[in-house]
Amino acid sequence: MKILVMVKQVPDTEEERRLDLATGCLDRDGSERVADEINERALEVALRYKDGDKKGTEVVALAMGPADAAQALRKALSMGADSAVHVLDDALEGVDIVRTAEVLAAAAKRTGFDLVVAGNESTDGRGGVVPAMVAEHLGLPLLPSLNSVEIDEASVAGEAGVENGSLTVRASLPAVVSVTERAAEARFPSFKGIMTAKRKPLTSLSLSDLGLDAAASASVVLSISERPARTAGRKIHDDGNAGNELAEFLAAGRLI
1 MKILVMVKQV PDTEEERRLD LATGCLDRDG SERVADEINE RALEVALRYK DGDKKGTEVV
61 ALAMGPADAA QALRKALSMG ADSAVHVLDD ALEGVDIVRT AEVLAAAAKR TGFDLVVAGN
121 ESTDGRGGVV PAMVAEHLGL PLLPSLNSVE IDEASVAGEA GVENGSLTVR ASLPAVVSVT
181 ERAAEARFPS FKGIMTAKRK PLTSLSLSDL GLDAAASASV VLSISERPAR TAGRKIHDDG
241 NAGNELAEFL AAGRLI
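Quick note on full-length UniProt numbering: the sequence shown kicks off at 1 and runs consecutively.
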């Protein structure tokens, strides 16, 4: 079994995030960059299967991004991934999710896999569609936003939350799944894992390695502006008619 896990380096959620008004892209230098937690949970799903597999499972971490995205891959290796693949090309700076999915799918094909596992949405873009787009490029079934995952030699299954209940889904391998934060609690890298990660293979691939050209993003940003400053809300002073004023205010906002 070969499980490919998509990981991503993102700005730290504990720090303020800003858009670059010149480029329209997230200012990734404005805060510390870390491995996205949802992808660590996806990796944990793969590692748990590997831990219990007596026949041997290979876990490969895959990321696309600038040079320092290798830090997220090194962390994945320290957690237990066997190897990592880094798609690194200057032409990919600022690309949209359409191009991202195309490149990740091409890298997945080149690397080979039985199962692709990803987080359901990254904490920076919050698009939540890249796993589905990757599955479409690969021509494979997608099991989206799973709260739990069960893997065997021939299939993958899981439970997804739906309105007023849950839905159990299953697909034959190969397949693509995305997981929510409920799927697994990511392990912490051990000291041994951190030291071993330095010796594990990390392969860099360019667009030419994947047989892709430097096509531009499919989407175009027409304009961008700073978020308007928040203003104080309406104040209602109790001069004997505050109750009526409050009711009128709530009714105008269709809150009552």
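Possibly wrong hints are sitting among the right ones.
[Stated by the list, open to error] Subject to a maximum C-alpha distance of 25 Å in a straight line, what follows is the list of computed DSS-like cross-link-like pairs (lysine-lysine): (1) K192 / K235; (2) K50 / K192; (3) K200 / K55; (4) K2 / K55; (5) K235 / K54; (6) K109 / K2; (7) K200 / K235; (8) K55 / K109; (9) K2 / K235; (10) K192 / K109; (11) K54 / K200; (12) K50 / K198; (13) K235 / K55; (14) K235 / K50; (15) K200 / K50; (16) K235 / K198; (17) K235 / K109.
Please keep in mind that the hints were generated in silico from the structure rather than gathered at the bench.
A quick look at each hint next to the structure:
1. K192 / K235: With a Cα-Cα distance of about 59 Å, the restraint between K192 and K235 is violated, given a limit of 25 Å.
2. K50 / K192: holds (18 Å)
3. K200 / K55: Given pair K200, K55 holds - Cα atoms ~21 Å apart, limit 25 Å.
4. K2 / K55: holds (11 Å)
5. K235 / K54: Cα-Cα ~67 Å, so violated.
6. K109 / K2: Holds, because 12 Å separates the two Cα atoms, which is no more than 25 Å.
7. K200 / K235: violated (61 Å)
8. K55 / K109: holds (23 Å)
9. K2 / K235: Violated, at about 61 Å.
10. K192 / K109: Not OK: K192 and K109 at ~31 Å, beyond 25 Å, violated.
11. K54 / K200: Holds. K54 to K200 sits at ~21 Å (cutoff 25 Å).
12. K50 / K198: holds (20 Å)
13. K235 / K55: violated (68 Å)
14. K235 / K50: violated (59 Å)
15. K200 / K50: Measuring from Cα to Cα gives roughly 17 Å; hence the hint holds.
16. K235 / K198: Distance of about 60 Å is beyond 25 Å: violated.
17. K235 / K109: violated (60 Å)
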